[in-house]
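> For the protein sequence lines, the chains are S and X, in the order given.
Following UniProt numbering, the numbering of the first sequence begins with 1 at its first residue and continues without gaps.
Following UniProt numbering, the numbering of the second sequence begins with 1 at its first residue and continues without gaps.
FYI, nobody ran anything at the bench for these hints, they're computed from the structure.
Keep in mind it's a predicted model, so treat the numbers as computed, not measured.
Any given hint might turn out to be false.
Claimed, not checked - Far from chain X by the CB rule (all over 10 Å, computed), these chain S residues:
(1) 50
(2) 60
(3) 108
(4) 124
(5) 232
(6) 259
Unchecked claim - For the chain X half of the interface with chain S, some residues (derived, Cβ under 7 Å), not all of them:
(7) 37
(8) 44
(9) 121
(10) 135
(11) 184
(12) 187
(13) 191
(14) 194
(15) 222
(16) 251
(17) 279
(18) 281
What the hints assert, rightly or not - With a Cα cut of at most 30 Å, we get these calculated BS3-like pairs of lysine-lysine:
(19) X:280 / S:101
(20) S:138 / X:280
(21) S:101 / S:175
Even for Gly, the Cβ is constructed at its ideal location relative to N, Cα and C.
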Amino acid sequence: MSEAPRPKRRFRQRTVIPGFGLTLGYTLTCLGVIVLLPLATLVAKAAGLGPAGIWAVATDPRVASALRVSFGVSLLAALTASIFGGIVAWVLTRYDFPGRKLADAVVDLPFALPTAVAGIALASLYAPNGAVGSQLAKIGIEAAYTPVGIFIAMVFIGLPFAVRTVQPLIAEIDKEVEEASAILGASRIATLTRVVLPPLIPAVLTGFALAFARGVGEYGSIIFIAGNLPYVSEIAPLLIVIKLSEFDYEGASAIAVIMLAISFVTLLAINLIQAWSRRRFGYV
Amino acid sequence: MSDAVASLPDSPDGTIRPAQSVVTERPWIRWLLIAVALTFLALFLVLPLITVFAQALAKGWGAYLAAFTEPDAQSAIRLTLTVAAIAVPFNLVFGVAAAWAIAKFEFRGKNLLVTLIDLPFSVSPVVSGLIYVLVFGSRGLFGPVLLEHDIQIIFAVPGIVLATVFVTFPFVARQLIPLMQEQGTTEEEAALTLGASGWHAFRTVTLPNIRWGLLYAVLLCNARAMGEFGAVSVVSGHIRGLTNTLPLHVEILYNEYNFVASFAVASLLAGLALVTLVIKSLLEWRYADDIAAGTRRH
């Protein structure tokens, strides 16, 4: 090399703070034993089937239908959660009304409520003889034990993601920009659609992706309301449980790896959206 | 500043008073949006919560309380408390150690490490259980070795603890990392320069700085640990009185059409969720800056 000698790149920069080796070592050990080793075992198990074997599992009619239900319904639910979550976030941040703080706290309920509890509550509410289900039955909608029930559970579980990713950005909107837009003659609608909303789009997409990923993997809040009819309302995580109970470890692993792969693509998309947003707007 | 400008027209002595502020919507649109948001929250979030308590008390307090006195319920309560008592402190220690290494030092591969710690959040609960069956199950990676030494992990308490540790793994670390990064290292450096030992500096400088964030993270970690269903369901084996946690007990009772008992046990978990939410909100209102980095909450 003809370049001038550069200082040697170190693994870490010097500091007087102690404990680096100890804490990093402990962190890596825990991470390896608790997270990486088990996940690697899963990938190895599925890899044992080979690409053709995984493809055969994925295209098995019952598996394909479960994957379609999980991903399709989750897409619709995440879309619904994003739209209503956006309205909820806007209302909670911009308007003042009695009970606002209570409503804000309620949004986190799906994070705190165990999924099995949410599951039996939703199932009993939306069952044909339940409080809401009986009303829906009158207008000819069967909610419980159909994909509609899965949709309801996924909206429940995805809502906080949609609200909480957008809310901080709405709070940070500079009202002077809105004023400028209004003073320059824009109508309120024009200000909203052309000044306020565009910077929020990345956050909305992130919330959508998080809600979608959560819905795809969700199990506890869905199985009670879904009815779990093969080919109709059977979700992919349930099929993993069924395969496990039949000691079909390979089949279970294959479905799990397919789900993981799609989740990673979703996470990658989130990161790309955020990187793009940082470049475009200067923040996430 | 912008608030002051926006509120000027509303000042009582303001002589120039526009019909409405330019930075909000017309009143009827405001009220319509508030109505839509509150109806949505009531229908999707509040109603299920009320249902839990209504169903639990459907046959009166006697039937409600009876659900807790039966031995299976009591052993489920004991197991849930035991699992949380192991999983939460484990992740507390891990989270603090990980945050110390990541926030106080600059080293290569840091972003990758943070991503890997977050990994369990993007894994389906069922898959979180499955991976431990593949490692420790009788036909798994270490199955033969464990069988030889007569150690049972899957379909036993250790498996339940492991699955719970996995699903709650990122909670403390991801809360503390941005917080400790924002606080920097100057205070610790000052303490060390004045002769404090590393451990002493951590205890008297770092710990007080992060205590509210830590409490907040532990609270959420505990709620998830006690309420986890999918992952635990896969590794538990559902042995009544032995490997049933509270959420699994709820499922068994529900599938047996014992709705009152099922919802009664569920109401215990819902109560835990409510207490968690109340403390969480109080912490957020009072110590917002001490919980999360910057003004953003998540």
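> Indicate, hint by hint, whether the structure satisfies it.
Hints versus structure:
1. 50: 17 Å, holds
2. 60: 18 Å, holds
3. 108: 6 Å, violated
4. 124: The claim breaks: residue 124 of chain S does not keep its Cβ more than 10 Å from every Cβ of chain X (closest is about 6 Å).
5. 232: Since the minimum Cβ distance to chain X is about 20 Å, residue 232 of chain S lies beyond 10 Å and the statement holds.
6. 259: At roughly 6 Å from the nearest Cβ of chain X, residue 259 of chain S sits no farther out than 10 Å, so the non-interface label is violated.
7. 37: Holds, about 4 Å.
8. 44: Interface hint status for residue 44 of chain X: holds (5 Å vs cutoff 7 Å).
9. 121: 9 Å, violated
10. 135: Nearest chain S Cβ about 5 Å off; hint holds.
11. 184: At about 11 Å, which exceeds the 7 Å cut-off, the nearest Cβ of chain S leaves the hint on residue 184 of chain X violated.
12. 187: 11 Å, violated
13. 191: 10 Å, violated
14. 194: Violated: closest Cβ of chain S sits about 12 Å from residue 194 of chain X, beyond 7 Å.
15. 222: Constraint on residue 222 of chain X not satisfied, violated at 10 Å.
16. 251: Holds. Min distance 6 Å.
17. 279: 10 Å, violated
18. 281: Because about 4 Å separates residue 281 of chain X from the closest Cβ in chain S, which is inside the 7 Å limit, the hint holds.
19. X:280 / S:101: 12 Å, holds
20. S:138 / X:280: Given pair residue 138 of chain S, residue 280 of chain X is violated - Cα atoms ~40 Å apart, limit 30 Å.
21. S:101 / S:175: Holds. Residue 101 of chain S to residue 175 of chain S sits at ~22 Å (cutoff 30 Å).
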